[in-house]
Amino acid sequence: MSPAQLIVASLALPVAGAVGIALCGRWPNLRESVTLATAVALFACVLGLLPGVLEGSVPQLFVLEMLPGIALGFRVEPLGMLFALVASGLWIVNSIYSIGYMRANDEPHQTRFYVCFALALAATMGIAFASNLLTMFLFYEALTLVTYPLVTHHGDAEARAGGRTYLGYLLGTSIGLLLPAIIATWAIAGTLEFTRGGILGGAASNAALGALLALYMFGIGKAALMPVHRWLPAAMVAPTPVSALLHAVAVVKAGVFAVVKVIVYVFGVGALAQVRAADWLPAVAGFTIIAASIVALYSDNLKRRLAYSTVSQLSYVVLAAALLTPLTVVGAVIHLAAHAVSKITLFFAAGAIYTASGKTEVSQLDGIGRRMPWTMLAFTVGALSLIGIPPAAGFVSKWFIFTGAAAAGKYVALTVLAVSTLLNAAYFLPIVYAAFFRPPPDGEAAHGEAPWPMIAAMMATSVLVLGFAAYAGVPLALARALAGG
Amino acid sequence: MPLIAAPLTVLIRRSAPAWAVAAAACTFSFVAAVLLAAEVAAHGPISYHIGSWAPPWGIEYRVDALSAFVLVLVSGMATVVVPYAWRSVAAELPRDQVYLFYTMFCLCLSGLLGMTITGDAFNLFVFMEIGSLSSYVLIALGRDRRAQYASYQYLVLGTIGATFYVIGIGILYLATGTLNIADLAQRLQHVENLRPVLAGLAFITVGVSLKLALFPLHLWLPNAYTYAPSAVTAFLAATATKVSVYVLLRFYFTVFGLHLVAERLPMKEILLVLSIVAIVSASLVALYQSDLKRLFAYSSVAQIGYITLGTSLASRDGLIAAVVHLFNHGITKGALFLLLGGVALRAGRAGLDRVRGLGRAMPLTSLGIVIAGLSLIGVPGTAGFVSKWYLVLAAIEAGSWWLAAFVVATSLIAVAYVWRFVEAAYLCEPDAGTPEPGEAPLVMLLPAWLLVAACVYFGFDTSYTVEGARRAALLLLGASQ
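In the order they appear, the protein sequences are chains Y and P. The numbers in this note's numbering rise by one with no breaks, and the one at position 24 of the first sequence is 113. The numbers in this note's numbering rise by one with no breaks, and the one at position 261 of the second sequence is 246.
Isolated chain P, as found in the complex (with noise of 0.2 Å):
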């Protein structure tokens, strides 16, 4: 439907209607996405053979427990997002470019959408690339001339990151005669020379790794995150790196399996390195960073970090905090996106000395920022103590306590760039850079603050969240035994 959306605004070339039709596909596609998950989760994996080919040869859809997680999770963003980017993007793009935008956010959506839903690996990366193209046109769509380098630096980066993977779908393809996913699970076990598909497996990781900004990787998503515009930065946070995410939990587990990921390569050991260094030196750059969208993008990286790091313990309560976090580190970096663009388009730019007495200027934005601040150190009654939980947990009965100490210590390095936002907007005097008092526009608060209350909901009632995540982590884990 997105993708039907994208060239349709192409032909209207009119903001107005080219949002309509975007925000008709987004919701289209998110209904379609809960409905999907119901399904799932009444009667199991779907499939759809397109063009009625039968699987090994045609290109299988199918959803399952995990898949229709993730789906519901980025179509509900680009559902709260299209609204946000009404006010916003009239601000920010000029007015040619405004029926671009949509068009490319819809291609982007589909990307993302595509990737997830997929069942053959190189249909997946056509996917990617769709996605991601898109999301380089997005990025160069920034008001700031930095945002085209910045977008020229994912694109390089991306485009690498890609060309690895579709080298180890290649040799994989080589070493087993198929594309798809679960066609692939099968016959892997039956290969005897390894050493091809190994191969295959460190480049797919490395590229996949790119995408998702593990480090040493991310050096491509500061930038992009702190240029795109708002509207872009809070629908690429909360989605663009949870697909990579995705595809890197389904090889790991469903196609390749723990035997070969854990026994032959020490994956969970590098993937458990790289994640600490995530973690600590992403989390001390951030406590450095004096603009708020770079501040909260390297916090991105180290979120990303706790996600790796639950992946690669690969036990149950592991994996459901890396999916649990996957979804709730989704939607509290989605409002904090959604309301710095707030900040930025009522004081020019998101930087700390623009927020000075920001909570008596703009009251609304500045206490959702505190409430996904909380969630994102992981205080009790947010989401993201749901996932520290089970990340904590998850530690403890793998037996090292190191990595639950390590865990909750990195946490208060959280509170520290949080409280930098804190006392610069309610304990510093409003100054010269300081916004007029008056609040951003209600379309774009709505749904910021729809992502606020999102984040405090999935803190309480978690039977969503982490039943999902309990699905998906058994069926990772029943899939790569």
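If we strip away everything but chain Y, and leave its shape as in the complex, we get (with noise of 0.2 Å):
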């Protein structure tokens, strides 16, 4: 197929695949595998596109004209690229998972399930591949809206709580800033196309340029800078798969992809490094990673914990790429693919702990390592690899991070990202210690692990974490791509 084809498939395949799932709503085992090849097709599709972007190329597709001048379009750029091959492969493990999950849980409404998943997949394909601004609200606000029925699945009264909350905040910010910044750009630049070296430069003196910064980056709800982080922790009343996929990698992700592309294409690296409007980004997103990380240390409910280091985990993408340095863009791009596998693992984990045992809570887990030691394994790899312990994927993002940072003399971040390391370790090294050194409670009912669909999940996951180098190669080079040296 010729690229443009391959964009198309991949934008039409999951929505083909959600009516397809619709379709066999009676038949489980159909439904499922439906799902599965989706995935499969899906992913074949993505990595049909690789090669070329390796080699410089870049797809293009015009759809139509949406407004005067402005086109529903799409382009595979390298970052775009990435993201969609994280997100994609990714999937295909979740699916298996949820499989076990959500059969082990007999949870309702499993064909809605899987519709919104495959149409959530759909909405982050159009993300990571949008030629240009409107073309990405576009697919962002589409997921923000069918990500809302996953995460008011359970329907009761917490999953409305949440559910408003999550729909607040992301329709609130995205509507209230980022539209108009949107709107703004276009007023000021006359184009919304993604452009290297930005659409903005001399078009607008230093303080709109920070202005609009400040709208684009609070606008993107979806990278949970605070304050606009609190729809994240509300949106774990979802089932965990949902948490695992769209919570950890595809939504929160399209909110740091979207930054970074915002700040490469929109405003241009260089640019904004000349003109200092960036100057406070740093400063908003150390915070966010040091109180979320201290957040994290004082949450009991391991889901909880999980969705505050995310917070603080998204804003090292944000910091390393406000410090708008070509090393901790690359950093930042890495840290996107390796937070992925990393915490797609770690809530796996908690998933399956929930599913064997029912616990929900960090201060039960004592002894649970002795019960499900796979389940503890991935947790550990997980962990680890988020401090950034070597092989593991996270340490080879954090290197890039703290080599860039230290190379263009920017003391404070380094700080803020050492204190970081340690408060990360001190809020998962406790789990894993309870979890294998500590005796289990006395009189507790004995169950064992989790069924063998979620373990095989964490296991698939687990060796991405650790086998990261063999593959970094990829994500490298897309990152120098993006970055252009």
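The set of hints was computed from the structure by calculation and includes no laboratory data. We treat Cβ as the ideally placed atom computed from N, Cα and C, and that holds for glycine. A few of these clues could be false.
Claimed, not checked - To spell it out: a stretch of chain Y is covered by chain P in this simulated footprint if at least three of its residues, at any positions, have a beta carbon under 8 Å from a beta carbon of chain P; those stretches are:
(1) 146 to 155
(2) 223 to 235
(3) 267 to 273
Need the complex rebuilt from these two chains, each delivered in its own frame; the hints are there to steer you.
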């Protein structure tokens, strides 16, 4: 297939899959086969685009003109390529995990769940491949709306409240801040196409650029920069596979992806560094990293702790991009992938613990490593990776961010990163210690491991985390192509 | 054509043939409107002289870019509503009144089309009365006894509005000696004594504002929309107020011109303030309604505020926003009220307590309401987004950041009231008030979904709407200079 056809296929496949899932709703086995087949086919399509992009070509697709002068169009550049690869690849693993989780917990509305999941992936592909701000905004909003039924899956009062927070923050920031930012960009620059080097160069005063940047950074609520991070813990009312793929990978990564994309392709790294309009951004990101880590430290609910850890880790990407040096931009891009595989492993483990034992709090986990050795092994791998221990994935990205920050002489940022590494260790390692080295409390009902599809999924992502070095060439090449040396 | 059709339906007095005549009339006028629009787009304005009397003396019918755009909307909506009315009216009205419904419907349509097409200010008044009188009857046909009160309320206020309008026209006639709109515009430029002209402007503004339900003259609207038969609500919501907006635009820009409206009187500022108050107050009131028809009626008042807000900016993008929103809001509200009619048919009435668990009982209807609701909010990919885009763009270009912030902030109130439906329909368990599972009849569902599809279609392909609106805006601005 030609690249343009592959783009169409990667957008249309999940939608077609959603229709197929809805039609097969009555036969669960067939329905799950459709999900898996769609996921594999999608990954294959995205993979098919990779060789061309690595060689430096930029496949494009123009669909139609939405508003005069603004197209609905797609263009596959290195960053979008990487994001699409991560999301579609992890969807396969996550689908296997979902099957185990949803059946073991006897969840209701499973057809709706898989349909919305497939649609969410379609929206994610749209964000990844969007060629201009309007197209990206269209799919960004679509992603919020199709994940809403997933967040409120249980339909009870808690889910309703969580859903309100989720929608309130995400729609509030995107309509209230991001949309005016996009329209202002259109009014200033006369174009919305993502262009290397930025489109705002010289067209606006420094103060206006700073204000616009603030509108973008807080308007992209999915990046969970404080104070617009509250939706992420609220979204944890969703079933764990949703938290794993969407609220550790697709949705939040769509946020930081958009942040990096705006900094690189709308403002331009070089242009921003010159006018110093982004000087405040590392401070906000640094504050988010530390503050969220501290909140995570004091959260007893496991998924909540993971959610705040995500808030903190997302700001690593924002911070790295905001330092505006090529090396840190590379680090930001790698961290996008590294955090994805690590955090999905951690969420898989949290879901496995809940499925097998019904436990949700950190303080209940004493001795659980003896009953669920595989699960806790995977958890340990994910935790070590996020702390940044070699050879796990997290080490590679941290290496780039640290060396980039050091080379640029950003010592405050370095301190923030070092403190946060300690905090990461402080909130992850006690869990590992308690699980393996404390005795289980007396009189507890015995339970075994989680169902095999969940174990298999966890093992797969653990291998991805540990073996990151083996395939790190691909994200590295894409990141270098983006940063442009 | 609808005018001829109206007496025909009276003569027939049987429901089925009356429906057929009305449907034929609507379809014919829609086709004619589309052809006219194409002709205007290709060759410029068309003028037709009734009885071959030359314009300043005889009555002139004149179609230009703006009126062609409105004609297509009005006749198109009528064509969609009539098939829907087949089942809806049969269910809501006694058998012997059904033919009367189609008579009044045809009269109302001809009134609205006439208002749009005529080039004569007094003739416009005549059509306004035809449209209004028939809509009073249409509203009074509602099943609920409060419909008659609502109709009476509208009758009193509507008549006051029409009287104000005709007084304004009278003053202009005294000042210029002509009633032809184009001629009026010409002669007004040479009038020495401006005071009576400005009084006429004020009278016309108040009269038309009553008709288009500009805050605080909107009091008739919520009751009228709530208690009228479903098909009537959908039709009036999508067209009647829009045609009044057209009249306002026509008078402000074509007849008086910006130098009178904006410079001699603070009309822009007044309109701006009233629009803002309308949007905020009506959105907040909508938030606390328990009847969905009433909720969306208040939302209409707010949305009309967006249209007049765009008008008050009086720039190219502001007028594009106003005209595009006139169209987009028409199809969005039309879709919503048609779907709510289906809900009312199955559940007795469209209260929030009746739609609990509706997502499962009437999946297609609920989904349609959600999509149209998203268009109301202005989510990208729907028609409403296009309007919001131009409105915010116009505000930014006018340099008023606070206005842009205001527009996006108030769309968040729309999120809140649309989500009251979503939570009730999808996140609440069905209870005694929820209808048994089963969709609305297909003849009602299809027209409604046609409009829902239009909401999405015009969110992606804006070549017709934006291009039409751009031409209309340039025409208005060109005329006012």
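Each hint tested on the structure:
| no. | hint | verdict |
| --- | --- | --- |
| 1 | 146 to 155 | holds (count 3) |
| 2 | 223 to 235 | holds (count 6) |
| 3 | 267 to 273 | holds (count 4) |
The structure meets every hint from the earlier list without exception.
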